[in-house]
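*Asks:* Chain order of the listed sequences is A and B. Numbers in the working numbering are just positions in the first sequence, counted from 1, shifted up by 431. Numbers in the working numbering are just positions in the second sequence, counted from 1, shifted up by 3.
No wet-lab data here; the hints were simulated from the structure. These figures come from a predicted structure and were not determined experimentally. Glycine residues also receive a C-beta, built at the ideal position from the N, C-alpha and C atoms. Be a bit skeptical, because a hint or two may be false.
Away from chain B, derived, C-beta distances all over 10 Å, residues of chain A [said to hold, decoys possible]: (1) V446; (2) V464; (3) L470.
Some, not all, of what chain A presents toward chain B, calculated at C-beta under 8 Å [unchecked claim]: (4) A452; (5) M455; (6) M457; (7) G463; (8) D526; (9) V527; (10) D528; (11) L533; (12) K534.
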Amino acid sequence: MSEVSLDHYLVLGAVLFVCGALCMAMKRNAIGVLMGVELVLNGANINFVAFARYNPVFRLEGQVFALFVIVMAAAEAAIALAIVLNFYNNHMTVDVDTAEELKG
Amino acid sequence: MHLENPGLLYVAATLAPLASFLLLLLAGGLRLALRKNREAGAGAALYQMLGGDRPHRAAAFIATGAIALSFVLSLVGFVYFLQDHPLPAHTETPHAAGHPEGGPAAEASSGSTADRWAGSVRWAEIGRFNSSKSTVLALGYRIDSLSTVMFLMVTFVATFIHIFSIGYMSEELAPVVEDHQVHTEEGHLHRRGRFGRFFLYLSLFCFSMLNLILADNLFQVFLSWELVGICSYLLIGFYYERRSASNAANKAFITNRVGDAGFIIGLLILWTYLGTFNFQELFHKLPQALQDGSLPKWALIVAGLGIFLGCVGKSAQFPLHVWLPDAMEGPTPVSALIHAATMVAAGVYLVGRVYPLFTEEARLAIAYTGGITLFLAATVALVMTDIKKVLAYSTVSQLGYMMLALGIGGWVAGLFHLITHAFFKALLFLGSGSVIYGCHHEQEMTRMGGLYPKMKITAITMLVGVLTIMGFPLFSGWYSKDMILAQALGYFLVHRQHFLLFALPLFTAGLTAFYMFRMWFMTFTGPPRDEHVHEHAHESPRWMTVPLIVLAVFSVCVSWGSPVWSAESSYLGGHHGLLEMSEPADELKNLKMMDEALNSAVHDSHTLAEVLAYVAGGLGVLFAALFYYWRVLNPADAKLQFAGVHRFLWHKWYFDELYSAVLVRPSLQAAHWCRNFDTYIIDGFINRAAWATTMLSRWDGIFDLAIVDGLVNLTGRIIFACGAWLRRFQTGYIRSYVLFLVLAAIGIFFALTYFLNLAAAGP
Numbered sequence: 432m433s434e435v436s437l438d439h440y441l442v443l444g445a446v447l448f449v450c451g452a453l454c455m456a457m458k459r460n461a462i463g464v465l466m467g468v469e470l471v472l473n474g475a476n477i478n479f480v481a482f483a484r485y486n487p488v489f490r491l492e493g494q495v496f497a498l499f500v501i502v503m504a505a506a507e508a509a510i511a512l513a514i515v516l517n518f519y520n521n522h523m524t525v526d527v528d529t530a531e532e533l534k535g
Numbered sequence: 004m005h006l007e008n009p010g011l012l013y014v015a016a017t018l019a020p021l022a023s024f025l026l027l028l029l030a031g032g033l034r035l036a037l038r039k040n041r042e043a044g045a046g047a048a049l050y051q052m053l054g055g056d057r058p059h060r061a062a063a064f065i066a067t068g069a070i071a072l073s074f075v076l077s078l079v080g081f082v083y084f085l086q087d088h089p090l091p092a093h094t095e096t097p098h099a100a101g102h103p104e105g106g107p108a109a110e111a112s113s114g115s116t117a118d119r120w121a122g123s124v125r126w127a128e129i130g131r132f133n134s135s136k137s138t139v140l141a142l143g144y145r146i147d148s149l150s151t152v153m154f155l156m157v158t159f160v161a162t163f164i165h166i167f168s169i170g171y172m173s174e175e176l177a178p179v180v181e182d183h184q185v186h187t188e189e190g191h192l193h194r195r196g197r198f199g200r201f202f203l204y205l206s207l208f209c210f211s212m213l214n215l216i217l218a219d220n221l222f223q224v225f226l227s228w229e230l231v232g233i234c235s236y237l238l239i240g241f242y243y244e245r246r247s248a249s250n251a252a253n254k255a256f257i258t259n260r261v262g263d264a265g266f267i268i269g270l271l272i273l274w275t276y277l278g279t280f281n282f283q284e285l286f287h288k289l290p291q292a293l294q295d296g297s298l299p300k301w302a303l304i305v306a307g308l309g310i311f312l313g314c315v316g317k318s319a320q321f322p323l324h325v326w327l328p329d330a331m332e333g334p335t336p337v338s339a340l341i342h343a344a345t346m347v348a349a350g351v352y353l354v355g356r357v358y359p360l361f362t363e364e365a366r367l368a369i370a371y372t373g374g375i376t377l378f379l380a381a382t383v384a385l386v387m388t389d390i391k392k393v394l395a396y397s398t399v400s401q402l403g404y405m406m407l408a409l410g411i412g413g414w415v416a417g418l419f420h421l422i423t424h425a426f427f428k429a430l431l432f433l434g435s436g437s438v439i440y441g442c443h444h445e446q447e448m449t450r451m452g453g454l455y456p457k458m459k460i461t462a463i464t465m466l467v468g469v470l471t472i473m474g475f476p477l478f479s480g481w482y483s484k485d486m487i488l489a490q491a492l493g494y495f496l497v498h499r500q501h502f503l504l505f506a507l508p509l510f511t512a513g514l515t516a517f518y519m520f521r522m523w524f525m526t527f528t529g530p531p532r533d534e535h536v537h538e539h540a541h542e543s544p545r546w547m548t549v550p551l552i553v554l555a556v557f558s559v560c561v562s563w564g565s566p567v568w569s570a571e572s573s574y575l576g577g578h579h580g581l582l583e584m585s586e587p588a589d590e591l592k593n594l595k596m597m598d599e600a601l602n603s604a605v606h607d608s609h610t611l612a613e614v615l616a617y618v619a620g621g622l623g624v625l626f627a628a629l630f631y632y633w634r635v636l637n638p639a640d641a642k643l644q645f646a647g648v649h650r651f652l653w654h655k656w657y658f659d660e661l662y663s664a665v666l667v668r669p670s671l672q673a674a675h676w677c678r679n680f681d682t683y684i685i686d687g688f689i690n691r692a693a694w695a696t697t698m699l700s701r702w703d704g705i706f707d708l709a710i711v712d713g714l715v716n717l718t719g720r721i722i723f724a725c726g727a728w729l730r731r732f733q734t735g736y737i738r739s740y741v742l743f744l745v746l747a748a749i750g751i752f753f754a755l756t757y758f759l760n761l762a763a764a765g766p
């Protein structure tokens, strides 16, 4: 059993990212889409942290970026939830397919 | 009472009718301006004062008062004139040696006397840069015995015609007048009465006419000449809704323009060569200018003929006589005043006034014009059945007598006849007016007859007029007509080749007697031809009969002298009479135009001419009586027998037809051509140009739309198409966006890999 290497982390991050992206693409529920976004962000976070751990050049930057992303994700979640709430108030649903007023 | 400038009395007499004219014009203008707010207030009160909707007699009283004042002033002026210029003592000796110096000498004796009777104001100065010539247009007056007599005649006749008009025009006093001769779609025409307007025009006419007599220069005469012309036009067309009246007015005006063109040419020649319009200066400069050649003979002949052409137009001489008979469309008092007594005589007056300007040749032209006119008009008068037309042609004929007399050297005779004619023709016209009024505007003599018992005053006064015009002894026409005939006979004896100049007036004297008595017999005697007209006929009111009586009295005795039975001793036109005083004898002598042989021949032929005139007149009356009183001969038979002659005369020698064919229709044709040129050539060219422009614009429009706009639109359309294609990608489904995002990311990833590998594998 070999040691856990950078590649493992990167694969985990990629899987997480793909899961998130698929979740964003497939879900019709706005909350589900939001959750997919969280997955994508966390997949990226894993990459940051992994690079910080295995590459001494990025030791500080990786962690700082990861924190940055977490803060940003929190802010994003707050705004997105507010939008969803408003959308729900107006349409009595959170189905993103109904939010198509701005289509071309 | 001594007056410094008695000539000014005449100026005042001239201005009185002008004041009346302006007053009436002002009142009329005010009335018109106030008409809008006639409901209430001070304006309405003033409006009512000015006559309101109903014409008022006041206008007539103002105009009549003004002309009566003129008459009084002229009379006072006449008395002063006689004090200054006493008639020369009457001598019984025959004046074989030409005119004695008495008359002119008295006038020329003292400069101060002449100054008292003349004056002028500088009116306009022309061409100051050329100081060598006198270039001042002046308005002035100069009174001589001719002016005084003319003034008395005009103001006297005009006063009585004004009074007559008050009665004759009384139908115009109604607020609404129905004109039976004008048919509109709603029946007869209804219009406001024009009582005031009539007197307004009359006042303007009186002023113009008096100004013409007053003038001391040709320019002022010309001004007045045109003014009387326009008054004549306005009064002929008084019933302008009637087509015949407006046509007659146009005819009179246009015919007079022909004459006035000649007048202007004459004026210009005189001004160019002699540099003055003043009569005295003209006559003074003339002999000198002729002698030193500064005025060529031909120019003087042309100037004389030109001025005479003006007189031909105004006095209705052949060939411009056609307007006068038509002018009878005007109200009868107008026919009497303007187209018989005064205005038409202005031509004769002017010929007399500028007499020394006429050369021998010009005078011969005048004589022949007069001769032809008097015969032509008299023959036409023989067949006319309209009572006013008969009188109109008789007027033309009598004017021809005057012109003839002037042309053959009978200055006094011509102007003498002018004065007497004014009285008896005014009388005759007013008489005819009275008949027409009494017969309810019936003018055709073929529907009259037997009116004597119904209108005795009119009949008797008209008989006086008829006797006067035919030259019955001791009636005023006798003096003047005999004088003319004697002059003509004398002229014939001296110049045998001009036989016609005596034969025509002598023969026409018979014709005159015939047609005048024909008129009188047809109107007043015999059985009535139309029961309806006869039944309703009545004598005219006193407004009209009193002027008739007064004019009749004056027609008889206006030229009496002492002794009454001698034509030579008439105070007016006889030997040493009033008119002889102002005969331009001195001027003629300076121009060597005095014909002593003629004068003595004229003097010797008086008795013979008188006898011949009696014979001619007597025959005329006899035939008239045979035809129309005793009815021994039937006029209808004569008409059939001489059908061709009758038709020729009935159509007035075909003058109207001739002018229509020679002048009117060609000018209409030319006008047509001009119109066609306008419509087809000029308008066509313009239309073509416009068409070309529109075509060019259309092509330009197509180019603009297709090419320029096409390019712009194409760009827009391409961009639009792109947008339309691209919009399909903006589906509104968040999942498809994510899909695109992922696909794009993958694409970018592969692209980057590819380019990085390229870069790595690069040099």
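*Asks:* Does each hint hold? Answer for all of them.
*Replies:* Evaluation of the provided hints:
no.	hint	result
1	V446	15 Å, holds
2	V464	6 Å, violated
3	L470	12 Å, holds
4	A452	6 Å, holds
5	M455	5 Å, holds
6	M457	7 Å, holds
7	G463	11 Å, violated
8	D526	10 Å, violated
9	V527	5 Å, holds
10	D528	6 Å, holds
11	L533	6 Å, holds
12	K534	3 Å, holds
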